[in-house]
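S.K.: The chain contents come next:
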Amino acid sequence: MHRASRYIAGLVSAGLVSFLIALGTYSATSAAQEASLDQAIELLAARSYARTVEAVEVIATSGVDHAPALLTALTKRRVYLSKDGATAVYRTGRNYFDLRTGEPLKGRPDGVKGARVNNRIRGEIKAALGTLQLRAKDPAKRLSAAEEVMHNKDTSVLPALEKVIAKERDATVKQTLIETRAALIIADAKSTKADKLDAITILEARGKQDALVALRPALQDSDAEVAAAAGSAVKSVEAWLAMAENFQNVWYGLSLGSVLLLAAIGLAITFGVMGVINMAHGEMVMLGAYTTFVVQEMFRTYLPEAFDLSLPVAIPLAFLVAGAVGIAIERGVIRYLYGRPLETLLATWGISLILQQAVRTVFGPTNREVGAPSYMSGGFEFLGLAITYNRLWIIVFTLVVFACLLLVLRYSALGLQMRAVTQNRRMAASMGIRTGYVDAMTFGLGSGIAGIAGVALSQIDNVSPNLGQNYIIDSFMVVVFGGVGSLWGTFVSAMALGVTNKFLEPWAGAVLAKIMILVLLILFIQKRPRGLFALKGRAVEA
Amino acid sequence: MITRHLASLSDTGSRIFLAVLALLALYVAVGNLLVPEGSAFHVPPHVVALIGKYLCFAILAVALDLVWGYCGILSLGHAAFFALGGYAMGMYLMRQIGSRGVYGDPVLPDFMVFLNWQELPWFWHGFDYFAFALLMVVLVPGVLAFCFGWLTFRSRVTGVYLSIISQAMTYALLLAFFRNEMGFGGNNGLTDFKDILGFDIQAAGTRVALFLATVLLLALTYVVARMMVTSTYGKVITAVRDAESRARFLGYRVENYKLLAFVVSACMAGLAGALYVPQVGIINPSEFQPANSIEAVVWVAVGGRGTLTGAALGAVTINFLKTTFTTGALAPYWLFVLGGTFILSTLFLPKGMVGTAAELWHRYRPGKAKPSSSGAVPQAAE
Chain F
1 MHRASRYIAG LVSAGLVSFL IALGTYSATS AAQEASLDQA IELLAARSYA
51 RTVEAVEVIA TSGVDHAPAL LTALTKRRVY LSKDGATAVY RTGRNYFDLR
101 TGEPLKGRPD GVKGARVNNR IRGEIKAALG TLQLRAKDPA KRLSAAEEVM
151 HNKDTSVLPA LEKVIAKERD ATVKQTLIET RAALIIADAK STKADKLDAI
201 TILEARGKQD ALVALRPALQ DSDAEVAAAA GSAVKSVEAW LAMAENFQNV
251 WYGLSLGSVL LLAAIGLAIT FGVMGVINMA HGEMVMLGAY TTFVVQEMFR
301 TYLPEAFDLS LPVAIPLAFL VAGAVGIAIE RGVIRYLYGR PLETLLATWG
351 ISLILQQAVR TVFGPTNREV GAPSYMSGGF EFLGLAITYN RLWIIVFTLV
401 VFACLLLVLR YSALGLQMRA VTQNRRMAAS MGIRTGYVDA MTFGLGSGIA
451 GIAGVALSQI DNVSPNLGQN YIIDSFMVVV FGGVGSLWGT FVSAMALGVT
501 NKFLEPWAGA VLAKIMILVL LILFIQKRPR GLFALKGRAV EA
Chain X
543 MITRHLASLS DTGSRIFLAV LALLALYVAV GNLLVPEGSA FHVPPHVVAL
593 IGKYLCFAIL AVALDLVWGY CGILSLGHAA FFALGGYAMG MYLMRQIGSR
643 GVYGDPVLPD FMVFLNWQEL PWFWHGFDYF AFALLMVVLV PGVLAFCFGW
693 LTFRSRVTGV YLSIISQAMT YALLLAFFRN EMGFGGNNGL TDFKDILGFD
743 IQAAGTRVAL FLATVLLLAL TYVVARMMVT STYGKVITAV RDAESRARFL
793 GYRVENYKLL AFVVSACMAG LAGALYVPQV GIINPSEFQP ANSIEAVVWV
843 AVGGRGTLTG AALGAVTINF LKTTFTTGAL APYWLFVLGG TFILSTLFLP
893 KGMVGTAAEL WHRYRPGKAK PSSSGAVPQA AE
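Chains as they are written, first to last, in the numbering used here: chain F, 1 to 542; chain X, 543 to 924.
Check before you lean on any hint, since a few could be wrong.
To be verified - Below, computed lysine to any residue pairings styled on SDA-like, alpha-carbon distance capped at 20 Å:
#1 X:Lys736 - X:Gln831
#2 F:Lys514 - X:Gln831
#3 F:Lys527 - X:Asn722
#4 F:Lys514 - X:Asn722
#5 X:Lys893 - F:Gly339
As the list claims (entries may be wrong) - According to the in silico footprint, chain X covers these stretches of chain F (three or more CB under 8 Å from chain X):
#6 65 to 71
#7 256 to 262
#8 290 to 299
#9 310 to 323
#10 349 to 355
Hints are computed from structural coordinates only; laboratory data are not their basis.
Keep in mind it's a predicted model, so treat the numbers as computed, not measured.
The beta-carbon is built from N, C-alpha and C at its ideal position, and this holds for glycine as well.
Model the full structure from these sequences, guided by the hints.
M.R.: Quick look at the structure:
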C-alpha cells in the first residue's frame with residue numbers, strides 16, 4: 001500500500017512538472033497567435049467581402065488550435081462581432097466561444113452582429129480548411145498533413161498548395177509538399193505534359209508505396225511518352241520497395257537476433273564453461289527486469305527530473321543482483337551436482353520455479369510498468385526503413401555487451417582461467433587454478449549478463465514473473481545451434497535465427513515461422529550434434 | 543520362456559506393487575458402487591476420477607523411467623507423447639458427440655462449425671471407430687518417437703543436447719496445437735464429451751470401468767517394463783546408460799537398443815494420455831507445455847530413478863501433494879514446494895524414495911548382504 005502511494009505520488013509530481021512546462025510553452029506561442037487573431041478580427045470588423053477574404057487567410061495561417069472550428073463557423077455565418085471589434089465570438093452548435101482564445105463562453109454576448117459571407121468567401125474557406133493542417137506550427141503535423149493530401153488526391157487543393165510550398169521553410173516538409181504536388185498534378189486531368197513528366201521524376205525519387213499509388217493512373221495516360229515514363233518509374237519504385245522490404249526484414253531480424261543474443265549469451269558462458277544446464281537462466285533475465293522496475297520506481301519517487309538516468313543506473317545494479325543470485329545458486333546447489341548434468345537441469349528448474357513464485361509474491365502476478373526514457377522513445381526514417389530508437393539502442397547495447405565480454409575473456413585473469421577450465425578442467429586444476437572459484441565466478445558472470453539482458457528486455461517486453469520462461473527455450477536453441485563454448489558461434493546463431501525468423505514470418509505467420517525454425521533446428525542438430533562452431537576435442541564423449 | 547519372464551516379477555517390489563494395485567482397484571470399485579453414500583468407506587465419484595488421473599500419471603512415469611532410469615535418455619518430450627495419445631482419444635470422443643453438440647451438426651465438432659469449416663479434415667476420418675482411435679493412440683506417439691529417435695540416436699545426440707531438442711519438439715507441438723488452423727480446437731482443445739463406447743461418460747459405472755482400465759494398464763505397463771529391464775535386452779540398455787561408448791565398442795548397435803526403449807516408452811505414454819482424457823474430460827494444448835515434461839521427470843526422480851515402482855509412487859505422491867496444495871489457502875506456496883522438492887530430491891535423495899528405502903532395508907537385514915544393483919544409479923561414466 002505504501003509503495004503504491006509513493007508510486008502514485010511520483011507519477012503525479014512527474015505529471016505536474018511536464019504540465020507546467022507545457023503551460024509555459026503554450027503561453028509563449030499563444031501570444032503571437034492572438035496577435036494574428038486580433039488582426040483577423042480587425043479585418044472582419046471592417047465588414048467588407050474583400051477584407052473577410054484576407055481575414056480567412058490570416059486565420060488559416062495563424063496556427064491556432066480552434067482555427068478549423070472558427071472557419072467552419074464562418075461559412076455558416078456563425079461568427080459574431082461587436083461594432084468596434086472588442087467582442088468577437090463564434091458558435092458551434094449551441095455553444096459560444098471566444099474568437100481569440102477559443103475558450104467557451106456562458107452565452108451570446110450583447111451587441112454583436114454576425115459577419116457576412118458570400119460564396120467566394122466560402123470557396124476560400126473550403127480551400128483554406130483543406131490546407132489548414134499544412135500550415136500547422138509543428139513540422140511533424142505539416143508532414144503528416146502533406147501525406148494525407150497526397151493520399152486523398154483532392155486536386156482542388158492545388159492552388160493553395162502552391163502558396164504553402166512557397167512559404168515552407170523546413171526542407172523535409174517542403175520536399176514532401178513538392179512530392180504531394182506532383183501526385184496531384186498526375187491526378188489532375190488539366191495538367192500539361194511537361195508538368196506530368198516532371199511530376200513522374202519527382203515521384204520516382206520518392207520511392208514509397210504512396211508514390212506507387214500516385215504513379216499508377218499515369219500508366220493509362222493518353223500521351224505515350226508520359227505513359228512510358230510512368231511505366232519505367234513504377235518499375236524502379238517497385239524494385240526499390242522490394243529491396244527496402246528485404247532491408248526491413250534484415251533490420252527486424254537483427255533486432256530480434258540481438259534480443260536472442262542478449263538472452264543467450266550468459267547461458268553460452270555457463271553452459272560452455274561448466275557444461276551446466278541452467279534452467280533458471282530465464283529467471284535471471286526476469287530479476288534484471290524487476291531490478292529496472294525498482295530503480296525506476298525510486299527515480300520516480302525521489303528524482304523524477306532525472307528519470308532518463310534510471311537505465312544507466314539499473315544496468316550495473318541488475319548485473320550485481322542477478323550475479324549475486326547466480327553465485328548463491330552455484331555455491332548452494334549446483335556445485336554438489338557437477339558431473340550429473342541431468343540432475344542439474346532438474347535442480348535449476350526447481351530454482352526457477354521458486355524464483356518465479358518469489359517474485360510473484362513480492363511484486364504481484366500482473367505486468368509491471370517500466371517506462372522508457374526520452375532517448376528510447378520515438379524513431380526516425382532511414383532509406384525508407386522505420387527505425388525506432390529502442391530497437392536501435394538494444395542492438396548497440398548488445399554489441400557493446402558482447403564486445404566487453406570478449407575482452408574480459410581474452411584479456412582478464414579470470415577470462416584466462418575460464419578458458420583453461422573450459423578446455424581441460426583437470427589439467428587446469430593440476431596447474432593450480434581454483435576451479436571451484438572459477439566456476440562460481442563464471443556462473444556469476446553469466447547470470448549477471450542475463451540480468452543486464454533483463455534491463456534491455458524490460459523496454460520491449462512485459463515485465464511479469466513469466467518473462468524468463470518466454471526466452472529460455474529460444475536461448476537454449478541459440479546456444480546449441482551456435483555450438484557450446486563458442487561466443488562467436490552464439491553471436492552468429494542468434495543473428496541467423498533472428499533474420500531467418502523475420503524472413504519466414506511474412507509468408508508463414510509468426511507462429512508457423514517459429515515452429516519451422518524449431519523443426520529446422522532439430523534437423524540441424526542431427527547433422528552437426530555439436531552446433532555450428534564446435535570446440536574441437538579428442539574425447540569420445542564430450 | 544514364459545516362466546523365466548514371470549520370474550522377473552517374483553521380487554519383493556513387484557509383488558508389493560501389484561498387490562497394492564489390486565487392493566486399490568477392489569477398494570475403489572466396491573467403495574464407489576456398493577457402499578452407500580453416507581458411509582465412511584464410500585468413495586465419491588470425483589475421488590475415483592482423481593485417483594484415476596494419478597494412475598495415468600503413474601503410467602507416464604513408469605514409461606519415462608524405462609528410458610531415463612534404465613537407458614539414460616532424459617526425454618523432455620514425454621508430455622508430447624502423452625498429449626498426442628490424449629488428442630487421439632479426444633478425437634474419438636468428439637466424434638461420438640454426433641449431433642448433440644451446441645450447433646447440432648451431425649458430422650462436424652462444434653469448434654469446426656464455429657470456424658466455418660465445411661467438411662471434416664482428412665486426418666479426422668476414421669476416428670468414429672474406437673479400434674482405429676486406439677490404434678492411433680499407440681501409433682501416433684510411436685511413429686513420432688521412432689522418427690525423432692531414429693534421427694537423434696543415429697547422429698549420437700546424447701545427454702543434455704537430447705533433452706533440449708526433445709523439449710524443442712514439445713514446444714513446437716505446443717505452438718502448433720494452439721493454432722486454430724490445425725483443426726484440433728486451438729486454444730480450447732477438445733471437450734464436452736458425452737459417450738465412450740456407447741456408455742455415458744459421466745455415469746458412475748463408466749467412471750469405475752475407466753478407473754479399472756487404468757489400473758490394468760498400469761499393471762500391464764509395469765509388467766512389460768519389468769520384463770524388458772530384467773531381460774538380456776535390459777542388461778544392454780543399462781550398459782548403454784552407464785557407458786555408451788563402451789557398449790558400442792563391444793559391438794552392440796546402441797542406437798537400435800535405445801530406439802526400441804524410446805518407442806515402447808512413447809507408446810505407453812500415449813496410452814496413458816488416452817485414459818487420462820475421458821477421466822479428466824478435456825484435452826488442450828497446455829498438456830504440451832515443456833514444464834509438464836520436466837514435472838514428469840521429477841516424479842521419477844523423487845520416487846526413485848531406475849526402480850519402476852518408485853516412478854509410479856513418485857507420480858502419485860507429487861500429484862497428491864499438488865492437489866492438496868493447489869486447492870485451498872496454500873495455493874500460492876505450491877510452486878515453492880514443487881521447486882523445493884526438485885532441489886532437495888536431487889541433492890539429498892539421488893536414489894529417490896524407493897531406492898533409499900531399498901538401500902536401508904538391505905543395510906539393516908544382515909541376512910541379505912548384497913543390495914540389488916539393477917536399479918541403482920551409478921556415477922557418471924567417463
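S.K.: All hints are to be evaluated individually against the structure, with a verdict given for each.
M.R.: Checked hints:
Among the hinted pairs, X:Lys736 with X:Gln831 is inconsistent with the structure: their alpha-carbon atoms are about 27 Å apart, more than 20 Å. Simply put, F:Lys514 and X:Gln831 have alpha-carbon atoms about 16 Å apart, close enough for the 20 Å limit, and the pair holds. A threshold of 20 Å between alpha carbons decides the hint, and for F:Lys527 with X:Asn722 the separation of about 33 Å lies outside it, so the pair is violated. Proximity of F:Lys514 to X:Asn722 is assessed by CA-CA distance (about 16 Å); at most 20 Å being required, the pair is judged to hold.
With a C-alpha separation of about 16 Å, the suggested pair X:Lys893 and F:Gly339 falls inside the 20 Å cut-off, and the hint holds. Counting residues of the region 65 to 71 of chain F whose CB lies closer than 8 Å to any CB of chain X gives 0, so the stated coverage by that chain is violated, three being the minimum. Counting residues of the region 256 to 262 of chain F whose beta carbon lies closer than 8 Å to any beta carbon of chain X gives 0, which falls short of the minimum of three for the stated coverage. Closer than 8 Å: that is the beta-carbon criterion, and the region 290 to 299 of chain F has 0 residues meeting it against chain X, so the requirement of 3 is violated.
Coverage of the region 310 to 323 of chain F by chain X is violated. Counting CB-CB distances below 8 Å, 0 residues qualify, and the rule asks for three or more. Counting residues of the region 349 to 355 of chain F whose C-beta sits closer than 8 Å to any C-beta of chain X gives 6, which meets the bar of three, so the coverage hint holds.
In the structure shown, a violation is registered for the earlier hints numbered 1, 3, 6, 7, 8 and 9, in ascending order.
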